[in-house]
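Enquirer: Given these sequences and hints, build the entire structure.
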Amino acid sequence: MHSYSATYYFSDSSQPYRAKLYLEKNRWRILVEDASLSFRKEIFWPVEQIVPKSVISEKSIFCFGSFPFQTIEVDGADFSKALLAFYPKADLVDQKFSWISSASTKSFLALALVFVLIVVGAYLFLLPKMANYIAGKTPISYEVKLGETLKENLLDEYTVSSDFSNALNDFASEIDFKSQYNIHFNGVEHSTINAFALPGGEIVIFDAIVQKMTHYEQLAALMAHEVAHVEERHSLKGLFRNIAGYAFVSFLVGDVNAILSVLAENAQSLHNLSFSRKLEESADAYGYEVLNQNRISTQGFIDLFKMLKEESEHTLDLSFLSTHPLPDERIERAHSYTEQQANFSHSEHLEEKFLYIQSLLKKSSDYEAD
Amino acid sequence: MEVLSSVQKNYRPKFYGEGGKLFALMVVNVLLSIITLGIYYPWAKVKLHKYYYAHTELEGSRFVFHGKGLEYFLGFLKALLFVLIFVGPYLAGMILQNKTLLLGGLALYLIGFAIFIPLAIHGSLKYRTSRSSYRGIHFGYRGDKKELFKICIKGFLITLISFGLYSIWFVTDLRTYIVSKIRFGDVNFSFTGKGTDYFILHLKGYLLTIFTFGIYGFWYAKDIMNFKVNHTYAHQEQNSSQFSSSLQGFALLKFELVNIFLLVFSLGIALPWVMVRSFHFYFNHVSLNGAVDLDKVKQTEGEYKDATGEDMLDMLDIDLM
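Sequence lines, in order, name chains U and R.
Residue numbers for the first sequence follow this note's numbering, beginning at -10 and rising by one.
Residue numbers for the second sequence follow this note's numbering, beginning at 4 and rising by one.
Derived from the structure by calculation, the hints contain no laboratory data.
Yeah, the Cβ is synthetic: ideal placement off N, Cα and C, and Gly gets one too.
Mixed in with the good hints there might be a few duds.
Stated by the list, open to error - Chain U residues, not near chain R, derived (Cβ > 12 Å throughout):
no.	residue
1	D1
2	V109
3	F333
As the list claims (entries may be wrong) - Derived DSS-like pairs: lysine-lysine, alpha-carbon spacing no greater than 25 Å straight-line:
no.	chain 1	residue 1	chain 2	residue 2
4	R	K299	U	K9
5	R	K48	R	K17
6	U	K342	U	K352
7	U	K167	U	K134
8	U	K78	R	K301
9	R	K299	U	K30
10	R	K301	U	K9
Expert: Quick look at the structure:
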């Protein structure tokens, strides 16, 4: 009959005794020997009273009786398999986790890969969906409040010109943006070529970008584009994605170390860039619709993009461009859209208001130059 | 004539865990913890403890962790109740902007904190030791709550007055007391480190770490570990053995650099392998040398049931060893 070599402890002391373990029906027969072979003792453990303590490949430990327990350590990689075969009904092997001791390195690598895929998948697909869903469910009133708070904090750093702002809003009143939001433009005096939309309807336009424009369709295109960001809740979605992304990444690596979180942060912003490119395209599409319905030529988009592209070639300030990438395909798309546009006309009103804005800006920059 | 005490024994632990298996365990733990919104966490912790114990070998025998997830979970609930009672009023005061509630809550919070720490240390040690065994012999902690309170209150107060300087003597006192109350069957332990020596070690380590732009930090960490280990003794009847650590600063530097490299380039996935490396590394540098005989330890400790302290320490993120 097959026996397993084991070590037996009588619970009163740590003295190890060499032992042989025989698996019998409903019980273990344990033959204990002193190291000097001066005594032999036969012990029986009824199977239902055996408590498995750790059943692992090299050495398994079982206890028996009441506290303090008698203990046996059994050698042998195949012991847990033998237990399952011999006592299929007894609860001697924690089957839920026994696969861990019997699985191969390959299967762990496979598991590692699956785990990585799940994590990456959750990050790339599930998280944005959830963030978008939450952004979609956020009431407009909350969005407006959030936007106001952001505006207060952001505009603190800039000089807001009320004349410029009024002129922008006057110009915008000629265009129907088809927005459920109360759109409000803020004109800011700053040498950076930039414009951005906050959640809830506040839009900030820097005077430098308007100064570079040559006709009103460009301004209309810029405004329509920014309104699209508001209407499609891009800022809110971006904000939620950022927060969720950071929370997720720091949950994963947070405890490990600081270097890792810096890496993770950069990965996060790279991911954001590709996200914003998608949003820009979507905002452009909305913008074409707005211009089209207001019978304004979408040539404004082409000229706006060309102007920005030109600017980017001889300026180092890329703050606008880094969030508004301008690949050639974006310009091409504007071209193909414009070729299809049949219904547009020149608007004297807009032209007039645009020229007024430019004269305002010219005056203030002349004033500064003096 | 039999001279038992002259027999010198040298014991060194060995770790048999494998990164791949530990990884599988951790993945299952993380997934189940996420699915159960964290409720699985105590069970996950037990699984890890069991794995570490079952793969740690000393003189051909493995350690056993007897803890159960449910015990941890109940301990966590008790700790939560404690926190709610002592922190709840303060939070309520903050939310309701009620000054009386806020000040009263703050006082209650501070009192709770002073009670909490010793209680948590006591409970955790008592639970953890009682759930650990080796060769069927149980560990135990026989500390007295009142004694621990005295040490902690004295320590807190003087640390406060001395702008934190006394904290070094405080932790030394705490270690001396705790170690003296740990039992492994009839084996007891002692810690002989002195607060002043520990202070000099910290002062030197701190200054040199600044002057060397952090590089000395590894030697500093080595000194701390060696101070703790080399001043710890085990006693069995009239025999004694000394724990000894042969850790070197350069070895620690190499070890930690590889760890950082592994973690960074695997985006943290190498964590289980880093854990296994750590066990190997530290076990390689620690040994128990002297006349204490692990074959002749007598069982002395009784049964104990309570896991409150364990989770309290976890919530506070305090690492005992």
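Enquirer: If any of the earlier hints don't hold here, list their numbers in rising order.
Expert: 1, 2, 8
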